[in-house]
Amino acid sequence: MRVIHLKRFEAVRLRAFGDTVIVTLAWNTPSGALSDASTTAPYSATLLATASNGAQVFYSIIAGALPTGLSMNSSGVISGTASSVTTANFTVRATIGTVSADRAFSISSYGAPEWVTPEGRLGVLSQDETFVYTVLAE
Numbered sequence: 001m002r003v004i005h006l007k008r009f010e011a012v013r014l015r016a017f018g019d020t021v022i023v024t025l026a027w028n029t030p031s032g033a034l035s036d037a038s039t040t041a042p043y044s045a046t047l048l049a050t051a052s053n054g055a056q057v058f059y060s061i062i063a064g065a066l067p068t069g070l071s072m073n074s075s076g077v078i079s080g081t082a083s084s085v086t087t088a089n090f091t092v093r094a095t096i097g098t099v100s101a102d103r104a105f106s107i108s109s110y111g112a113p114e115w116v117t118p119e120g121r122l123g124v125l126s127q128d129e130t131f132v133y134t135v136l137a138e
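Oh and the sequence shown: position 52 is 52 in the numbering used here, straight run, nothing missing.
Don't read these hints as lab results, they were simulated from the structure. Treat the hints with care, since some could be wrong.
To be verified - Ranges between beta-carbon positions, derived for each pair:
{"no.": "1", "residue 1": "GLY111", "residue 2": "ASN73", "range": "24 to 30 angstroms"}
{"no.": "2", "residue 1": "SER74", "residue 2": "ALA112", "range": "28 to 34 angstroms"}
{"no.": "3", "residue 1": "ALA33", "residue 2": "SER74", "range": "20 to 26 angstroms"}
Only a predicted model underlies this, so the values are computations on that prediction, with no experimental measurement involved. C-beta: ideal position from N, C-alpha, C; glycine also.
Using the sequences provided together with the hints, build the complete structure.
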């Protein structure tokens, strides 16, 4: 039996022609921005591409980098806690056998908000009085 690996993005199909099996690879995770990461909480996202024969797909970053503090394993799981505020652009390669497919992603990380409103007493209310005060954080 001969196995042929083909790159396909539109659909995942397994077709048999005599003793030849064609294996295709398709991304399930859309390209573009993944969910935002925070410098104050753990982050986790899983990238997914599917091989038509059910074989395990391996992932690697081939261009760019994740935000500092995040890492990706060969199963496509991105995890960690971002340690800087940034927007990171990177390209991931999904590989099965001799076929691969690349996809571009980005992750924006943000820090804890900083209070703009001064600490302290906001005001004193008398009976039947309305008080409006805007509290700000950046």
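Taking the hints in turn, this is what the structure says about them:
no., hint, verdict
1, GLY111 to ASN73: 24 to 30 angstroms, "25 angstroms, holds"
2, SER74 to ALA112: 28 to 34 angstroms, "32 angstroms, holds"
3, ALA33 to SER74: 20 to 26 angstroms, "23 angstroms, holds"
Checked against the numbered hints above, the structure breaks none of them.
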